[in-house]
Amino acid sequence: MAEQTASPVIPDDAPAKPDAAVVRDALGVGVAVGLSGFAFGVTSAGSGLGLLQTCVLSLLVFTGASQFALVGALAAGGNPFTAAAGAFFLGTRNAFYGLRLSQLLALPKAVRPLAAHWVIDETTAVALAQPSRRAARIGFTVTGLTLYVLWNATTLLGALGAEAIGDTAAWGLDAAGPAVFLAL
Numbered sequence: 012m013a014e015q016t017a018s019p020v021i022p023d024d025a026p027a028k029p030d031a032a033v034v035r036d037a038l039g040v041g042v043a044v045g046l047s048g049f050a051f052g053v054t055s056a057g058s059g060l061g062l063l064q065t066c067v068l069s070l071l072v073f074t075g076a077s078q079f080a081l082v083g084a085l086a087a088g089g090n091p092f093t094a095a096a097g098a099f100f101l102g103t104r105n106a107f108y109g110l111r112l113s114q115l116l117a118l119p120k121a122v123r124p125l126a127a128h129w130v131i132d133e134t135t136a137v138a139l140a141q142p143s144r145r146a147a148r149i150g151f152t153v154t155g156l157t158l159y160v161l162w163n164a165t166t167l168l169g170a171l172g173a174e175a176i177g178d179t180a181a182w183g184l185d186a187a188g189p190a191v192f193l194a195l
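Residue numbering for the sequence shown follows the working numbering, starting at 12 and increasing by one per position.
Hints may contain errors.
With beta-carbon atoms standing in for the labels, derived distance ranges [claimed, not checked]:
#, residue 1, residue 2, range
1, Gly89, Leu62, 27 to 33 Å
2, Gly89, Leu110, 28 to 34 Å
3, Gln114, Gly39, 21 to 27 Å
4, Asp30, Ile176, 27 to 33 Å
5, Lys120, Leu156, 16 to 22 Å
6, Gly61, Pro119, 34 to 40 Å
7, Gly89, Arg123, 23 to 29 Å
8, Gly59, Pro142, 29 to 35 Å
9, Leu139, Pro119, 19 to 25 Å
10, Gly97, Leu125, 24 to 30 Å
11, Leu171, Gly39, 44 to 50 Å
Just so you know, the hints here were simulated from the structure itself, not pulled from any lab data. Think of the CB as a built atom: it goes at the ideal place given N, C-alpha and C, for glycine as much as any other residue.
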């Protein structure tokens, strides 16, 4: 009996979806989630991280759930190494996304290390929802770029706002982080 396996890649001859529709969907996801960076900036500053630490964390880690887990643990008085370990293990799910996206997107080897930084829940969801490799690449790229720019810009604004008002708990902003974390 011949072995049957499902092809893990989208065929190049799949029905086309207009590029504009893919971009519209990707921008919608990118903007909706990217604005949540503001809550992360507020939460991070409220947990005791400085402006530079908050921004570098967003630029380098760029996986919201892990970032919120890290600053949440720090805000609760947790050990920094334990907080980092928890954030790391939460982020390992992105490696599994990367396995699937690697086959789906079939990006050139030179681009893969850069694209790996954008392998997160949202880019994976948008890419997997597309009917063709071309649409998946567009969806992944537009979602990743939009999210990265907006998340980091709004993280900066949130951290600056938190520094300006001082005690974020007095304003009830300490609940913003857990609320967004649950939404993510």
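To see whether the hints hold, each was checked on the structure:
no. : hint                          : result
1   : Gly89 <-> Leu62: 27 to 33 Å   : violated (21 Å)
2   : Gly89 <-> Leu110: 28 to 34 Å  : holds (31 Å)
3   : Gln114 <-> Gly39: 21 to 27 Å  : holds (26 Å)
4   : Asp30 <-> Ile176: 27 to 33 Å  : violated (43 Å)
5   : Lys120 <-> Leu156: 16 to 22 Å : holds (20 Å)
6   : Gly61 <-> Pro119: 34 to 40 Å  : holds (38 Å)
7   : Gly89 <-> Arg123: 23 to 29 Å  : violated (34 Å)
8   : Gly59 <-> Pro142: 29 to 35 Å  : violated (46 Å)
9   : Leu139 <-> Pro119: 19 to 25 Å : holds (20 Å)
10  : Gly97 <-> Leu125: 24 to 30 Å  : holds (27 Å)
11  : Leu171 <-> Gly39: 44 to 50 Å  : violated (27 Å)
Violated hints, in rising order: 1, 4, 7, 8 and 11; the structure is consistent with all others.
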